[in-house]
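Chemist: Residue numbers (my numbering), protein chains in the order written: chain A, 43 to 158; chain B, 233 to 342.
Because the hints were derived from the structure by calculation, they are not lab data.
Don't take each hint at face value.
Which stretches of chain B does chain A cover? Using the computed rule of at least three CB atoms under 8 Å from a CB of chain A, they are [to be verified]:
1. 268 to 282
2. 298 to 305
Now the in silico label distances, taken between C-beta atoms and shown as ranges [stated by the list, open to error]:
3. B/Pro342 / A/Gly105: 15 to 23 Å
4. A/Thr62 / B/Ser244: 17 to 25 Å
5. B/Asn262 / A/Pro103: 23 to 31 Å
6. A/Val54 / B/Ser283: 22 to 30 Å
7. B/His341 / A/Gly82: 38 to 46 Å
8. A/Gly93 / B/Pro342: 45 to 53 Å
9. B/Thr296 / A/Ser140: 22 to 30 Å
10. B/Pro342 / A/Gly82: 24 to 32 Å
11. A/Glu101 / B/Glu285: 22 to 30 Å
12. B/Asn284 / A/Gln59: 36 to 44 Å
13. B/Lys258 / A/Val102: 12 to 20 Å
14. A/Lys56 / B/Arg292: 44 to 52 Å
15. A/Leu158 / B/Ser244: 39 to 47 Å
All values reported here derive from a predicted model rather than from experimental measurement.
We put the CB at the ideal spot given by N, CA and C, even for glycine.
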Amino acid sequence: NAGVTQTPKFRVLKTGQSMTLLCAQDMNHEYMYWYRQDPGMGLRLIHYSVGEGTTAKGEVPDGYNVSRLKKQNFLLGLESAAPSQTSVYFCASIPGGSGLAKNIQYFGAGTRLSVL
Amino acid sequence: SQQGEEDPQALSIQEGENATMNCSYKTSINNLQWYRQNSGRGLVHLILIRSNEREKHSGRLRVTLDTSKKSSSLLITASRAADTASYFCATDGGYNKLIFGAGTRLAVHP
Chain A
43 NAGVTQTPKF
53 RVLKTGQSMT
63 LLCAQDMNHE
73 YMYWYRQDPG
83 MGLRLIHYSV
93 GEGTTAKGEV
103 PDGYNVSRLK
113 KQNFLLGLES
123 AAPSQTSVYF
133 CASIPGGSGL
143 AKNIQYFGAG
153 TRLSVL
Chain B
233 SQQGEEDPQA
243 LSIQEGENAT
253 MNCSYKTSIN
263 NLQWYRQNSG
273 RGLVHLILIR
283 SNEREKHSGR
293 LRVTLDTSKK
303 SSSLLITASR
313 AADTASYFCA
323 TDGGYNKLIF
333 GAGTRLAVHP
């Protein structure tokens, strides 16, 4: 009954370092999303995927790359971390398809990233 | 760009009182959702209301939607300390995307 799992939960990086955040879902969902959440703000969409092998840019894509090689996994990469990327990152997924439930998002617990 | 904007930004009440949060949005919608976020956790879906619905209930939650005013409200009745969380409205942003507001931080004191 895992749902959406994010790893790692916490990470501290130095400016210029790279890292990959992993999101895994076991619900066979088609769509997956990466958000960042900053204090006093809602969630802002970084990138999303509408299916295996597809990715698309969201509202704030600069400085991030993503890949969806397997349906259950959605990776978020930071090639050269900057202090402005200090944030809490959330992954979410939705079933897709038809019906009202298709748009209900299921979230992971988040990854807290600090870039020094 | 945020579609939904919650009001108030923060709300502090006593246990047993009702809590009302409002959400305004800018463009037409197919549906509107409310989510809860406990401190340090991910968001959890609470309720979805369709554009042709005016009111919806789920337990102690009551959501209203006024499409003419482009606004929605979330009412939590008989609040409990466990209701302490941030609450977000989300509207459909096309292509199965959601646009979230900045949220209302609710504190319920015992």
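Chemist: Run every hint past the structure and note whether it holds.
Modeler: Here is how each hint holds up against the structure:
no.	hint	result
1	268 to 282	holds (count 8)
2	298 to 305	violated (count 0)
3	B/Pro342 / A/Gly105: 15 to 23 Å	43 Å, violated
4	A/Thr62 / B/Ser244: 17 to 25 Å	40 Å, violated
5	B/Asn262 / A/Pro103: 23 to 31 Å	25 Å, holds
6	A/Val54 / B/Ser283: 22 to 30 Å	44 Å, violated
7	B/His341 / A/Gly82: 38 to 46 Å	22 Å, violated
8	A/Gly93 / B/Pro342: 45 to 53 Å	47 Å, holds
9	B/Thr296 / A/Ser140: 22 to 30 Å	26 Å, holds
10	B/Pro342 / A/Gly82: 24 to 32 Å	26 Å, holds
11	A/Glu101 / B/Glu285: 22 to 30 Å	28 Å, holds
12	B/Asn284 / A/Gln59: 36 to 44 Å	50 Å, violated
13	B/Lys258 / A/Val102: 12 to 20 Å	19 Å, holds
14	A/Lys56 / B/Arg292: 44 to 52 Å	47 Å, holds
15	A/Leu158 / B/Ser244: 39 to 47 Å	34 Å, violated
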